[in-house]
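**Student:** Every number in this note's numbering is 152 more than the matching position in the sequence shown, counting from 1.
Note that these hints are calculated values from the structure, not bench results. Accuracy of the hints is not assured; some may be wrong.
Unchecked claim - Under the rule of at most 27 Å between Cα atoms (straight-line distance), these lysine-lysine pairs were calculated in the DSSO-like manner:
hint, residue 1, residue 2
1, K414, K387
2, K404, K390
3, K404, K348
4, K404, K387
5, K291, K413
6, K414, K348
7, K348, K336
8, K413, K348
9, K387, K348
10, K414, K404
11, K336, K324
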Amino acid sequence: MVLPYMAIAYRHKDAVQVLLDNGADSDLAGCDFFTPLITSIFANSFDCLEVLLKAGADPNIPGGGMYCMTPLGQAANGATRIIDCLLSCGADPDAIDDSGLTPLEWAALNRHDEAVNILFPATTQIPYFPEWTTSEIMKHIHSEEARVHRDSYEMINSFREFARRGDMAFGKKDYEHGICWYSKAITLATTRLALKRSRCWVHLNDGLPALYDARLCIGLRPDSSKAHCMEGAWKILKNYPMAAAAYSKALKLLPYSEEIKKLYQYLPYSSTSQINQIPSVLFDKFGFAVLLNSCMFLSHVREASELASDWPLTGSSSKAPMES
Numbered sequence: 153m154v155l156p157y158m159a160i161a162y163r164h165k166d167a168v169q170v171l172l173d174n175g176a177d178s179d180l181a182g183c184d185f186f187t188p189l190i191t192s193i194f195a196n197s198f199d200c201l202e203v204l205l206k207a208g209a210d211p212n213i214p215g216g217g218m219y220c221m222t223p224l225g226q227a228a229n230g231a232t233r234i235i236d237c238l239l240s241c242g243a244d245p246d247a248i249d250d251s252g253l254t255p256l257e258w259a260a261l262n263r264h265d266e267a268v269n270i271l272f273p274a275t276t277q278i279p280y281f282p283e284w285t286t287s288e289i290m291k292h293i294h295s296e297e298a299r300v301h302r303d304s305y306e307m308i309n310s311f312r313e314f315a316r317r318g319d320m321a322f323g324k325k326d327y328e329h330g331i332c333w334y335s336k337a338i339t340l341a342t343t344r345l346a347l348k349r350s351r352c353w354v355h356l357n358d359g360l361p362a363l364y365d366a367r368l369c370i371g372l373r374p375d376s377s378k379a380h381c382m383e384g385a386w387k388i389l390k391n392y393p394m395a396a397a398a399y400s401k402a403l404k405l406l407p408y409s410e411e412i413k414k415l416y417q418y419l420p421y422s423s424t425s426q427i428n429q430i431p432s433v434l435f436d437k438f439g440f441a442v443l444l445n446s447c448m449f450l451s452h453v454r455e456a457s458e459l460a461s462d463w464p465l466t467g468s469s470s471k472a473p474m475e476s
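With these hints in hand, go ahead and build the complete structure from the sequences.
**Tutor:** The following block contains the structure:
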């Protein structure tokens with residue numbers, strides 16, 4: 153079977169037309185399950201998109217990727233001309249992908265006002281938006297409530313998919329892969345739920361159980377910035393160096409998070425001169441943060457500073473502001 157992906161990727165509409173005329177399937181998914189139509193959107197080639205649609209390409213077949221978006225959902229990143237074309241060819245504006253979002257919500261999440269204005273009149277009202285206006289959609293989609301809703305939807309669908317693959321492997325007596333997929337499902341569910349429970353403990357100002365859940369998450373997902381951020385619950389117990397270490401680790405995993413930066417920046421520190429002499433790099437190492445609790449005398453601080461000199465710097469770090 154002839155596939156037109158390379159011609160689309162290089163935006164050669166004439167070559168795409170020749171391939172279609174010679175039997176290329178306009179809907180057949182290729183590498184990573186992306187259809188030719190979605191490939192044309194990735195390539196931002198309106199001409200190739202038009203050729204494919206005229207050849208009968210289905211505008212509602214989802215592609216691969218993390219969320220299996222439809223062509224319209226993929227175009228919601230701001231490709232307004234493509235959005236108009238897809239809608240005129242029968243693309244469904246109410247289609248929900250694996251993230252639980254419609255194309256309109258993706259446009260709002262990506263802050264593309266023009267795309268939102270095009271998709272809004274074509275989209276059926278979504279019940280969980282307090283008010284059905286473009287301004288309210290833009291506001292609500294970035295709220296904590298909407299984020300929790302997305303996380304929950306994604307967790308449930310990912311859990312089901314991992315469990316389904318585990319069942320398939322088990323049915324084929326492929327027990328090694330069955331263990332792998334079931335383990336992914338267990339880890340996903342445990343991590344997400346423990347993080348949510350940790351947040352509850354934090355809101356109740358109860359540090360120890362919040363830390364227990366955070367450490368459980370870190371054990372399961374050491375690469376999770378959210379888990380390390382929740383370990384900042386050390387501050388509830390007034391253990392600010394440990395909290396600083398947790399936020400620092402979270403920042404290394406998610407360096408552009410303004411939320412984590414603020415938590416780190418406004419963390420109360422001891423105003424003693426001894427603590428002031430500790431290099432900021434020390435707060436980047438969880439193991440040393442434990443030692444820091446006993447370093448209340450200058451001699452211990454000096455010893456700790458010598459220890460820090462052996463650690464490679466992974467990037468610049470600045471101290472959080474001191475409390476006056």
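**Student:** For every hint, state whether the structure bears it out.
**Tutor:** Status of each hint after checking the structure:
1. K414 x K387: holds (14 Å)
2. K404 x K390: holds (23 Å)
3. K404 x K348: holds (22 Å)
4. K404 x K387: holds (19 Å)
5. K291 x K413: holds (23 Å)
6. K414 x K348: Satisfied, since the Cα-Cα distance of roughly 21 Å is no more than 27 Å.
7. K348 x K336: Holds - the C-alpha atoms of K336 and K348 are around 18 Å apart, at most 27 Å.
8. K413 x K348: holds (21 Å)
9. K387 x K348: Holds: K387 and K348 sit about 18 Å apart, inside 27 Å.
10. K414 x K404: Roughly 14 Å separates the two Cα atoms, so the pair holds.
11. K336 x K324: holds (19 Å)
Hint compliance for this structure: every hint is met.
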